[in-house]
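Student: Quick note, the sequences are listed as chains A and B, same order.
According to full-length UniProt numbering, the first sequence is numbered sequentially starting from 1.
According to full-length UniProt numbering, the second sequence is numbered sequentially starting from 1.
Some clues are possibly wrong.
[Stated by the list, open to error] These stretches of chain B come out as covered by chain A in the derived footprint (C-beta under 8 Å, 3 or more residues):
id, region
1, 33 to 42
2, 112 to 122
3, 148 to 162
4, 278 to 285
[What the hints assert, rightly or not] Each computed DSS-like pair below joins lysine-lysine, with the alpha-carbon atoms no more than 25 Å apart:
id, chain 1, residue 1, chain 2, residue 2
5, A, 795, A, 876
6, A, 482, B, 2
7, A, 3, B, 313
8, A, 943, A, 917
9, B, 160, B, 103
10, B, 103, A, 482
11, A, 63, A, 80
12, B, 264, A, 341
13, B, 281, A, 341
14, A, 270, B, 281
15, B, 262, A, 276
16, A, 511, B, 2
17, B, 14, A, 509
18, A, 76, A, 917
19, A, 462, B, 24
20, B, 24, B, 101
21, A, 511, B, 115
22, B, 313, A, 341
23, A, 482, B, 115
24, B, 262, A, 341
25, B, 224, B, 321
26, B, 170, B, 160
27, B, 155, B, 103
28, A, 80, A, 917
29, B, 127, A, 509
30, A, 917, A, 931
31, B, 170, B, 101
32, A, 511, B, 14
33, B, 127, A, 462
34, B, 101, A, 462
35, A, 795, A, 76
36, B, 127, B, 115
37, A, 720, A, 943
38, B, 281, A, 3
39, B, 127, B, 264
40, A, 341, B, 115
If you're looking for bench data, these hints aren't it; they were derived computationally from the structure.
Just so it is clear, CB atoms sit at the ideal spot from N, CA and C, and this is done for glycine as well.
Now for the letters of each chain:
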Amino acid sequence: MPKRTDIKTILVIGSGPIVIGQAAEFDYAGTQACIALKEEGYKVILINSNPATIMTDTEIADKVYIEPITLEFVSKIIRKERPDALLPTLGGQTGLNMAVELANAGVLEECGVKILGTELSAIERAEDRDLFRTLMNELGEPVPDSDIVHSVAEALQFVERVDYPVIVRPAFTLGGTGGGICANEEELVEIVTGGLKSSPVHQCLLEKSIAGFKEIEYEVMRDRNDNAIVVCNMENFDPVGIHTGDSIVVAPSQTLSDREYQMLRNASLKIIRALKIEGGCNVQLALDPYSFQYYVIEVNPRVSRSSALASKATGYPIAKLAAKIAVGLTLDEMMNPVTGKTYASFEPALDYVVTKIPRWPFDKFESANRKLGTQMKATGEVMAIGRTFEESILKAVRSLEGGLFHIELGEPASDRLIEKRIRTAGDERLFYIGEALRRGTSIDAIHEWSRIDLFFLHKLHKIVAFEETLRENPFDHEIAIKAKGMGFSDATLAGLWKTDERSVYEWRKGKGIVPVYKMVDTCAAEFESETPYFYGTYEEENESVVTNRESVVVLGSGPIRIGQGVEFDYATVHSVWAIKEAGYEAIIINNNPETVSTDFSISDKLYFEPLAIEDVMHIIDLEKPMGVVVQFGGQTAINLAAKLVERGVNILGTSLEDLDRAENRDKFEQALRALGIPQPKGKTATSVNQAVQIAEGIGYPVLVRPSYVLGGRAMEIVYKQNELLYYMENAVKINPDHPVLIDRYLTGKEIEVDAISDGTDVVIPGIMEHIERAGVHSGDSIAVYPPQSLSNEIKDKIVDYTSKLAKGLNIIGLLNIQYVVSGDEVFVIEVNPRSSRTVPFLSKITNVPMANLATKAILGNSLQSLGYTSGLVPEKPGVFVKVPVFSFAKLRRVDITLGPEMKSTGEVMGKDYTLEKALYKGLVASGIQIKDHGSVLLTVADKDKQEALQIAHRFSNCGYRLIATSGTASILTKAGIPVQVVEKIGVSDNNLLDVIRNGEAQLVINTLTKGKQPERDGFRIRRESVENGIPCLTSLDTAEAILRVIESMTFSAEAMGKADQSQEVAYT
Amino acid sequence: MKRQLILEDGTVFKGEAFGSDTDKIGEVVFNTGMTGYQEILSDPSYCGQIVTLTYPLIGNYGINRDDFESINPAISGFIVKEAADCPSNWRNEISLDEMLKSKGIPGISGIDTRKLTRIIRRHGTLKGAICRIEKKPEEIIEQLKATVAPTDQVKRVSTKTAYPSPGRGKRIALVDFGMKHGILRELNDRDCDVVVLPYNVTASEILLLNPDGVMLSNGPGNPKDVPEAIEMIQGIQGKVPLFGICLGHQLFALANRADTEKMKFGHRGSNHPVQDLRTGKVALTSQNHGYTVQRESIERTNLEVTHIALNDKTIEGLKHKEYPAFTVQYHPEASPGPVDANYLFDEFLSMIESEKEEGEAKCQNVQI
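Make a model of the complete structure from these sequences and hints.
Tutor: Shown next as structure tokens:
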């Protein structure tokens, strides 16, 4: 069927900021969709609040709005742009919810906007629990039995019908408090009794438990002709009970016979047809490991994380084709873009095994609850492809960058702990299983504990068993081939052979034990295919043909994690494009299935491989590129630079020596001294005594951090000697091998600058000012462009220092600098000789294509020849803010206090003509609701009380009510600010936690972080706020910013002053 | 133990032995299905062929009691990247290795099956041998070149005698050219009263059974090697409603003076899109054929093309313009593969139904 001609303009809604559960996969899907729609000749209007994405580049859509995805703003854009249609299924749950909200508000009808792809009613039928059950019953597709009970007697009746085990979920309790799985009557009575008590409405949902079933997913597509296909099926390594986003997933399914495969395929196709979805859909099913009994768990009527994974696992671009289906094209008339010769109406055949392992943020959040369950906790994922399961999973393990190259534990563990960690799934279960097998625990026992299919456990056992063979046969040719075919890393071989990684690598190379590259072609080689998408494996035939063109390899940034988000993929993609523009062959290596950079249509060649030195070197050995670009792939790529240089690889751009000079503290200090640029005073301590002395010398407050930890972990600001001692005792181990850095903490404005240098000219696209004072990680601060409070002298100084640093450090390419402005002085805190988090934000605001320019500079072009001159690019009109977004609600037990350690998962942009308006948009887009009246709960540390007073006063003037505990309240009362006093935690029924729980406060300001009891109370207040969805601010600067917004939205309400001086002034 | 696979073009793959310890020669073909190895290796259409599966992990769910498509697998050899030694599935009874051993089928694992597939794709189907590692490749290659392709596969796999598979519904004469159990299963599921007949059954023998319909099964090899069947079809078409699958489809075409030809490497897999030219709809089908009905030859017949392969536009379905007869090149019985085309069995039965009604109407007309 031809495409629709009744529509011309299509609105696409993006997924907004990166949060846990909604990450870069929607940048990939959205970008593909926008390009696909443009390809078909439609005008595309895009709205997305996330600036760190490729999809919000102005080339991707005809019009790009980086605005909050809220009813208010989307309606405004619809009224302005008058699109004919809306495509809601590519922006994750955010996009879908927005479409539903727009429909419910009547905006779509009012403006005559049609919904493309899938009817909203179908979306509702897939997402509403009751409607979904009804639909499944109509279709005769089984769903687990469930019922709502109000008494133990009702619970017993239910169990009589469905039998044990059952899951109990008390209604309206947070995080499933009071629920559990019951296997017998005793447990049922106990848990239901407790559950009814903890539920405010005295209800429990009982559901037949299918925990332990195989979890299988099908990615299906359907067009308006009712043609429906399965793109990919996947089997979760972890059985039902763990969110699929937190499960290790294997594609295709491994333990399903054809009958089981087809049975579940039929169910999936039946469902997508019943829902009349036009596009892609994900169906999750649970299959009894001992019968043909299965249940439908969930249906996602849109593209999803799983569809991104399926696209990368098969090569079949689901989002692109889903967008074309949405405008009326059918599967039988579209070509399969991978082969170019066969049709899209086709089910990919894989001839390899794909493994996905999630990447969790627990390295950043050590206190977080690491138990995995139905709430997703991972921030990203890695994927690996192999010709054996063993190869695929071990390649995935070393892609994780978790410091491990094998299924082993980093630290010793007791047998008891191992069993515990296998029984209760956590992020490290795979590694504990490896260790258990190594200690001789039987496969059956591990199966009993984990319910993981014996197939997978046998495979893991094979890996572990082979370690012994390897140990006994060092440097044995045949055995080494076998080991590499099983995915063993050189690091692991080196450990077993008592040598180093490099020796293993060189020995292998000498023996010709190197991988070949096979194509991901959707068709298992049945048809010829020119897709430049490869993975490495140890077999005979290499399919990756090296061309005569000069090539450049770009290293990607691996899995998305806190501190290394989608912005690095953005820069990677732009670098690849720039390399292509410059006429070279652009080759990318990356392992993240969610991203745009791993879309095979981006680069000339895509190698889906681990970013470990051996895997990168194999590709370089084959391709012999003129050089490797490491600047855009975040710390992942930078960390490989030294090893690459050791192996004789040419690093393009800033040299390794200069990279090191920026990152090594001593060398950096020397460089700064030579350049005459000040930095906060600081010294390195190797003992507690020395630390105390240094701190005395510098003067409190001081910033302390261990030198051996990257990324701000365990960094703290201490104000007093006893705090320093507490820190030294509890937070770090200090000794000559593990020194602690002590720096003067400057209270001042934090400034961030990104610049591009070609060695001669230094272009500074813009300066950003942080709202939060120094001490809050730059990634967690609100950044403002252009700076609002810097004098021209300061700006000049910043420009001068930046140019000096760029030249002095011999930067070729990008650099990012953080400054503190204290009084009239500017100090350098940090220089990152690479792409940064703010590159996409600044590129979009200033229209300076930073990653592109930097790449061209790296390739030898002068900035002048590209039309740029040294210095600060003239400031753009308007104000732009970057507001961080956190995923705290999904990470229990994590303290949300902002500090030197980064905690945010994503960001949004707000733009307008005044700071207040821009802030309003940014805050709203980040999910903070700003109301013109309400109550603020104020609990602040003693040191902050004076400052808090000012803020309280202003809130009060806006008509906000203040709530505080007695200490803070008495100060407010003294200052004449009306305040409602509440009890402290632990006292009476109506203490401040109740205030939060009952929704009496719209905003919580809390700075209680120091000292044992306040810290504990402060922590409870903050978590309570998060769990009740109430914004909790831990920096008075953020509070002040919100206040400014509120003040700008409201008129003041102040009584007339008596004998006002201004009158006199006015009359004179 | 090591073993080798030698192709007539001189390529030698060295791998691990599994299955039976015998040397075998056959035509090497690949199948792209990711599941269904048990059905594939027991599909009689692979008689005399050595099958490689493109999916690298084979045997994961073992071999069960239920999923055989014939009692005695007719394939000559089995080639995989990896044969699972610890299968896991609740229906698993024995491992792939054990099964092949018990049926005298040699297997080879641990070779680059993608390389092999690409050779077949470029070169077309070729002869090969699975043999002991000691054998000299030159000798084997000579032997391969000298080997004449067999022509008696249908005779080898067809039933020797007729037998019933009773039901209370319509009587179907099912001609077994190397029938997959799946066809019988589909007919039995519809309560048909089936009589399975050997491939060389004559038209009059069929008519004596007074069937409501005749089903022509799938089977191995070149349709031109079974001239007796062509004659049989000519004798029954127009007299009894007819439905043919795979080899049955090709024989039906030949019986109607169309021609068939050998394909470069055939269609073997579970993901072949087939378009129904009457509705435009696409079904994903299970296929296994190395011959196809020649497109141009249809023009001189009384046949109509009803289905085509979406990708290479080869003929996938035919219908007689006058008689109640239709055939498909693919496998509506699936096993293995998608059941998208399963409705064809129902269409067959409803065709029989409407023929009967028409017949009765005709009779009535005659009476008047």
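Student: Given the hinted pair residue 341 (chain A) and residue 115 (chain B), is their Cα-Cα distance within 25 Å?
Tutor: holds, 21 Å
Student: Between residue 155 (chain B) and residue 103 (chain B), does the CA-CA distance stay at or below 25 Å?
Tutor: Within the cut-off at roughly 19 Å; holds.
Student: Can you confirm whether the C-alpha distance between residue 262 (chain B) and residue 341 (chain A) stays at or below 25 Å?
Tutor: holds, 22 Å
Student: Would the pair residue 795 (chain A) and residue 76 (chain A) pass a check requiring their Cα atoms to be no farther apart than 25 Å?
Tutor: Given that 25 Å is the threshold and the Cα spacing comes to 36 Å, the pair is violated.
Student: For residue 482 (chain A) and residue 115 (chain B), compute the direct alpha-carbon distance and say whether it is at most 25 Å.
Tutor: Roughly 18 Å separates the two Cα atoms, so the pair holds.
Student: Do the alpha carbons of residue 80 (chain A) and residue 917 (chain A) lie within 25 Å of each other, as the hint requires?
Tutor: The given pair, whose Cα atoms are some 19 Å apart, holds under the 25 Å limit.
Student: For the pair we were handed, residue 127 (chain B) and residue 115 (chain B), check the Cα-Cα distance against 25 Å.
Tutor: holds, 16 Å
Student: Between residue 262 (chain B) and residue 276 (chain A), does the CA-CA distance stay at or below 25 Å?
Tutor: Answer violated: residue 262 (chain B) to residue 276 (chain A) is near 41 Å, above 25 Å.
Student: Could you grab the alpha-carbon distance between residue 63 (chain A) and residue 80 (chain A) and see if it respects the 25 Å cut-off?
Tutor: Judged against 25 Å, a Cα distance of about 12 Å means the pair holds.
Student: Is the hinted pair residue 511 (chain A) and residue 115 (chain B) satisfied, with a Cα-Cα distance of at most 25 Å?
Tutor: holds, 22 Å
Student: Please work out if residue 160 (chain B) and residue 103 (chain B) have their alpha carbons no farther apart than 25 Å.
Tutor: Since the Cα atoms of residue 160 (chain B) and residue 103 (chain B) sit roughly 20 Å apart, the hinted pair holds (cutoff 25 Å).
Student: Keeping to a limit of 25 Å between CA atoms, is the pair of residue 101 (chain B) and residue 462 (chain A) held or broken?
Tutor: holds, 24 Å
Of the numbered hints listed earlier, those contradicted by the structure are 3, 8, 10, 15, 19, 29, 31, 33 and 35.
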